[in-house]
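Asker: If you want the building blocks of each chain, they are given just below.
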Amino acid sequence: MIHPGNPRVEPVLDVSNLTTSFRIGGEWHAAVRGISFALQPNETLALVGESGCGKSMTALSILGLVPKTNGRVEADHIRYEGKDLSRLPDEEMRKIRGNGISMIFQEPMTSLNPVLPVGFQVMEALRYHQKMSRGDGEKRALELLELVKIPSAKSRFKEYPHQFSGGMRQRVMIAMALACRPKVILADEPTTALDVTIQAQILSLLNELKAETDMSMIFITHNLGVVAALADRVAVMYAGDIVEIASVNDLFARPTHPYTEALLRSVPRSDRDTKTLYSIPGAVPPLTRMPEGCRFAARCELAIDICRRQNPPLETLPAGGAHSVRCWVRGDHDLTAMKEHADV
Amino acid sequence: MTDHVDVLPEASRHPFIDQLQKAFRNNKLTGVGAVIFVLIILVAIAAPLLAPHDPLQQHIIARLKGPSAEYWFGTDAYGRDILSRLLYGARVSLVISLTAIGLAMVIGSIIGIIAGYFGGMIDLALMQVMDVLLAFPALILGLIVVAMLGPSMENLIIAIALTAIPPFARTARAPTIAVKERDYIEACRALGFGHPRIIVRHIFPNVLSEVLVMGSLWLATAIRVEASLSFIGLGVKPPTASWGGMIREGFENILDNVWLSVCPSMAILLVVFSLNLLGDGLRDAIDPKTRSDS
Chain A
1 MIHPGNPRVE PVLDVSNLTT SFRIGGEWHA AVRGISFALQ PNETLALVGE
51 SGCGKSMTAL SILGLVPKTN GRVEADHIRY EGKDLSRLPD EEMRKIRGNG
101 ISMIFQEPMT SLNPVLPVGF QVMEALRYHQ KMSRGDGEKR ALELLELVKI
151 PSAKSRFKEY PHQFSGGMRQ RVMIAMALAC RPKVILADEP TTALDVTIQA
201 QILSLLNELK AETDMSMIFI THNLGVVAAL ADRVAVMYAG DIVEIASVND
251 LFARPTHPYT EALLRSVPRS DRDTKTLYSI PGAVPPLTRM PEGCRFAARC
301 ELAIDICRRQ NPPLETLPAG GAHSVRCWVR GDHDLTAMKE HADV
Chain B
1 MTDHVDVLPE ASRHPFIDQL QKAFRNNKLT GVGAVIFVLI ILVAIAAPLL
51 APHDPLQQHI IARLKGPSAE YWFGTDAYGR DILSRLLYGA RVSLVISLTA
101 IGLAMVIGSI IGIIAGYFGG MIDLALMQVM DVLLAFPALI LGLIVVAMLG
151 PSMENLIIAI ALTAIPPFAR TARAPTIAVK ERDYIEACRA LGFGHPRIIV
201 RHIFPNVLSE VLVMGSLWLA TAIRVEASLS FIGLGVKPPT ASWGGMIREG
251 FENILDNVWL SVCPSMAILL VVFSLNLLGD GLRDAIDPKT RSDS
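Chains as they are written, first to last, in full-length UniProt numbering: chain A, 1 to 344; chain B, 1 to 294.
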């Protein structure tokens, strides 16, 4: 069982104060703003939020794949196996990518090279990182394709990506990510591009794989249904901030940040007779026009004066567990003096 | 799980094979071009078996003869059999053109892929050099090189290769720029692959089809340039038969026997025509703008 925030267990991946900025029109704008989290062994942490919240950027920053020409990654540390990934030279970083930490991409239709057989692509990381011989590589790649439940894997080993369906390609992508038995998998919306039945298959596959191996996973999604099915802990991101982080049960039982609440209200439910589906008014502010104060304030029904002036800190709720939230109104702040100015 | 992977089934079809098939199915002329070109290559290879006479053997009595049973296409000013000289001339033309285009394809692709992949200053510097070379018409550049190095088969190959490198560099660079932004290249980097592996294993196969099609079209140009250089006396030295050289020799006696110039001209026409048919068909098959289905 997972013990969120249990200090006795050494986290596999410990991210502290990660900021990723981009240069737009000569100025630096933070897409990810000082986020911290720790990933425990065999834990699945879901990163949730709308498009443009910095979820994918967080994953790319961990792997050092943010384009260096106009992107910048700063962190107190990104600790993995005693190394600080934020300060590792590219040469060393390459040995970790795909080997210790690997990534599953969103678009299975375009994430495989169309002119190379799938078996070759699965085998490639093995031969590159683990210097496997061709024979061993083929044997292991075939095992992997069978592990991700590709029917008649042997006969499909030398087929090309265009001969595979979207779901099958995503299985191949997962096999590639698993090839070197990584400790951490970064799954960037791996089911978003798939239809619902295939989504369910891929999720149960990921759950099985996680149970069989000791890998940890950061699962990036905007689909809260997927989160409930898969995650141990959830971090809700909004405009580059983690606004709420809690175990999956706590989050669904007691959503505290107004944004989390709104996200949950936007999930269609079969057990309620809803004529219209709730949607959060407005959109995530663009990088170049981030407001001062709480970035959600403009869309928040509870916003009060201080929300527009000052960004609240991420603070643990007194209720216990490891439930933290970044909100002046809902957090553990003494706002009696301010509430008179509430202008909702 | 078995201990050993048994022999894996035959490889499935590479997408390029599909494109090739489509090229031949959709446009019958592609096949015609291919067949003619293959026949010409076979004839060139089998020249010693097919040639009725020694191409260098002079028969001064039988000079400037018209077509006859003995000499199908007649004889030249030294009484040499034109048919035999055409057959041996095909070897010279094809060896020079194929080697030159092969060289240009390899060097041009490397330059183009490196420029496209790394971009920035590397791209700028390499492509500037290519643009300077491209500014010279193929024949003029060939002329300069042969004039500097002296006429010989090797120098002719160098000259033609040099003129053909820039278009291949351009051809390879464009798809490289498109492919390097694709998700699967990002996926390669996420798997920790270094630049050399990404370029060789993942970019190159995607660029290959366009470079090959370009090659079939430029082969025709190479044959023309080789003939032109031979015509003005900068090709292989006489008495070795080459088509361009034969046209020039025939020119001196064109009033006595038109066959001397017409035969090698027709040979060049036939090769260039077949290569253009083949190249156009292949280009249409891989060009998304003219592709009938995606």
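Some clues are possibly wrong.
[Said to hold, decoys possible] Partner residues are not named here, just some residues of chain A that face chain B (Cβ under 10 Å, in silico):
hint, residue
1, Met93
2, Ile101
3, Glu107
4, Pro161
5, Cys180
[To be verified] A few chain A positions that, by computed beta-carbon distances, are all more than 12 Å from chain B:
hint, residue
6, Leu63
7, Met103
8, Asn113
9, Arg254
I should point out that these hints are in silico values taken from the structure, not numbers from a laboratory.
Using N, Cα and C, we set each Cβ at its ideal position, and we do this for glycine too.
Asker: Using 10 Å as the Cβ threshold, decide whether Glu107 (chain A) counts as touching chain B.
Answerer: Interface hint status for Glu107 (chain A): holds (5 Å vs cutoff 10 Å).
Asker: Verify this label for me: Leu63 (chain A) is non-interface relative to chain B, using a Cβ-Cβ cutoff of 12 Å.
Answerer: violated (6 Å)
Asker: Is it the case that Asn113 (chain A) keeps its Cβ farther than 12 Å from each residue Cβ in chain B?
Answerer: violated (5 Å)
Asker: Let me know if the C-beta of Cys180 (chain A) comes in closer than 10 Å to any C-beta of chain B, holds or violated.
Answerer: holds (9 Å)
Asker: Can you verify the interface hint for Pro161 (chain A): is its Cβ closer than 10 Å to any Cβ in chain B?
Answerer: Since the shortest Cβ distance to chain B is 9 Å, the answer is holds.
Asker: Should the label of Arg254 (chain A) as a non-interface residue stand, given a Cβ cut-off of 12 Å to chain B?
Answerer: holds (36 Å)
Asker: Taking the closest Cβ pair, is Ile101 (chain A) under 10 Å from chain B?
Answerer: Where the cut-off is 10 Å and the nearest Cβ of chain B is about 9 Å from Ile101 (chain A), the hint holds.
Asker: Holds or violated: the hint that Met93 (chain A) contacts chain B, with Cβ atoms closer than 10 Å.
Answerer: holds (8 Å)
Asker: Would you say Met103 (chain A) is clear of chain B, with no C-beta pair closer than or equal to 12 Å?
Answerer: At about 4 Å from chain B, Met103 (chain A) fails to clear the 12 Å cut-off, so the statement is violated.
Checked against the numbered hints above, the structure breaks hints 6, 7, 8 and satisfies the rest.
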